[in-house]
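Chain A is fixed; fit chain B onto it per the hints.
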Amino acid sequence: MMNWNLYSRGDKFFAIIVSVLIGMFTAATLYPFIYIAAVSFSSGFAAQAGKVVLTPIDATLEAYGYILKDPQFWISYRNTFIYTIGGTVMSLLFIIPCAYALSRPQLKGRRFFNLFIAFTMWFNAGLIPFFLNMRDLGLLDSMFGIILGFAINAFNIILLRNFFESIPQSFEEAARMDGANDFQVLWKVFIPLSKPAIATITLFLIVARWNGFFWAMVLLQSESKIPLQVFLRHTISNLSDDDEFAIVQTAAGFSAETVTAAIIVCSIIPVLIVYPFIQKYFEKGILLGGVKE
Amino acid sequence: MSDRNSDVGGIPVEEVVVEASEALRDRRQTRTPDKKWVTVLDHFRREWQIYAMLLPTIIWFLVFLYKPMYGLQIAFKDYSIFRGVAGSPWIGWEHFQTLFSNDQFIRAVRNTITISFYNLIFGFPAPIILALMFNEVLHASYKRTAQTIVYLPHFISSVIIAGIVITAFSPTAGIINTFISWLGYDPVYFLTQPQWFRPIFVGTGIWQEAGFGSIVFLAAIAGVNPSLYESAVVDGANRWQMMWKITIPSILPTILIMLIIRIGNVMEVSFELVILLYQPSTYETADVVNTWVYRQGLQSGQYDLAAAAGLFNAVVAFVLVMTANTLSRRFSRTSLW
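Going down the list, the sequences are from chains A and B. Reading the first sequence from the start, the letters are residues 1 to 293 in the numbering used here. Reading the second sequence from the start, the letters are residues 1 to 337 in the numbering used here.
Quick caveat, the hints were computed from the structure, so don't treat them as lab data. Hints may be right or wrong, so weigh each one.
[Said to hold, decoys possible] Mimicking DSSO-like on lysine-lysine, the simulated pairs with C-alpha atoms at most 27 Å apart in a straight line are:
| no. | chain 1 | residue 1 | chain 2 | residue 2 |
| --- | --- | --- | --- | --- |
| 1 | A | K108 | B | K245 |
| 2 | A | K225 | B | K245 |
| 3 | A | K280 | B | K143 |
| 4 | B | K67 | B | K143 |
| 5 | A | K108 | A | K188 |
| 6 | A | K69 | A | K225 |
| 7 | A | K12 | B | K143 |
| 8 | A | K188 | A | K280 |
| 9 | A | K280 | A | K195 |
| 10 | A | K12 | B | K245 |
| 11 | B | K36 | A | K108 |
| 12 | A | K108 | B | K35 |
These figures come from a predicted structure and were not determined experimentally.
Okay, chain A solo, but in the shape it has when bound (with noise of 0.2 Å):
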């Protein structure tokens, strides 16, 4: 916005002491995410020790080793995946076509159904309500009882819908004058205008299903149906505090400290790999849903 060479030379100073701030504040951000790595690829010992500052002591893989071997790791991995695909797959189905209605002038009540779903934003039953619910319909310990019960929140609808009605309506009268119905102009008008809406929406779902974990830890009691998160919080619970664990791995060369770490490492890294296609859209979606004149 400003030319450099116009700067004074407070100005000038004033911008470098800002990036060196901010330089600060970035690594300060970063750090974590090295130290964490650091520790997964360090020695069981080193890493009790506390010796790991920035880059892995004794480096060794005996900690990825170590999980990599747990048959519960891999289940819980494919979970995750099922959960992110055929969460993020269910919220769209239910989420597109009622934000689309909601756009709709000619929807009689509209008013009311606006509100209907507001509400919920506002005010919740809570916890036990909510729990006990899901037990009365029987979705305790269910795969599609996670699936299907975290499907919609009313953020996401209102945030396609006010997308959907800030398209001018000459996009759909074209396709209207062929004789389209409203499935089908939603599916060949609005779908492809709102691209980026619903990549945005799209992604911040995907990354709450794969970070999500207080209801699965209430909600589902089978190992083989747990999420990583929740193994992951099972395995940092437990290594700390299991004796056995703790004889065991000084002669394998890991400890609690870098399996835990591993783990961490191993779920962050395909957050890390959709990490950029999120980061394209959400500036814009964020400021989509967010305060509108």
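Leaving out everything else, chain B in the frame of chain A:
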């Protein structure tokens, strides 16, 4: 909301032209009152598809979000699993009396407010300062890279965040205590000592969300009229003065709205992270309403009492959010939803 107020009787002007003939026919029919039902039926016959698109979501909301609201009545009942929600006997406000004579619950309410307050004081300015600083960085790719990195923690799950915190603050293995021992002090058992919970929790929150939170303010800064800066340059203002005299006043409405939203969400401490980081020895400073509800209800099975606590939390949150929404509407004539 997008501006669709230029419509006639709920139908935008453009559409009136397209459906002119249909509208005319409708109007002719509504003239005779007994034909009203015919018009309604006609409407549904023509527009059934949009209702079909809406229906699954409405059913979902009824089943998964509104039915639990009906279930909230157990807050006023002596709930037993065998009798069910409807069959359990009413006991009035007994659970609420129990709650407000329960020291742990009172403590949880106090902790919730205190932690939110710290989040507000330390967590709220962080993204604003960050956005103002990003605005002063000239080197485009440096700025871009820094932004990419500071947005990242927002996308990391709380289990991983907690895992990182637990590893880094570990008394024997953690990097923090490694530094402390370099300085010649004894290791600190951070996660078992109540006085450390709030600083760690709030600090973690800033580390995770400050970057992502700055996006809203950066967008507000991008919307400032450039001619303001141009005339300030002519007047010989420096960058520091421009930041205080132009940028900050210009983004003040955004700051206010975000502040109001924040205050509206006082009861919403991210309890998932609390559950992952606290332990019995730190309940004293860490236990918030939702974690208390979780332990009483889901772990100890006192569903009715826990539901009462949850209802209390939800009602307070609702009042706060509604007040916040009204206030922000008044401040800037901007609706949040």
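Results of checking the hints against the structure:
1. A:K108 with B:K245: With a Cα-Cα distance of about 49 Å, the restraint between K108 (chain A) and K245 (chain B) is violated, given a limit of 27 Å.
2. A:K225 with B:K245: Cα-Cα ~57 Å, so violated.
3. A:K280 with B:K143: Roughly 15 Å between the alpha carbons, so the hint for K280 (chain A) and K143 (chain B) holds.
4. B:K67 with B:K143: Violated, at about 48 Å.
5. A:K108 with A:K188: Holds. K108 (chain A) to K188 (chain A) sits at ~24 Å (cutoff 27 Å).
6. A:K69 with A:K225: The given pair, whose Cα atoms are some 18 Å apart, holds under the 27 Å limit.
7. A:K12 with B:K143: Since the Cα atoms of K12 (chain A) and K143 (chain B) sit roughly 16 Å apart, the hinted pair holds (cutoff 27 Å).
8. A:K188 with A:K280: holds, 24 Å
9. A:K280 with A:K195: holds, 13 Å
10. A:K12 with B:K245: holds, 19 Å
11. B:K36 with A:K108: It holds: about 15 Å lies between the C-alpha atoms, which stays within 27 Å.
12. A:K108 with B:K35: holds, 18 Å
In the structure shown, a violation is registered for the earlier hints numbered 1, 2, 4, in ascending order.
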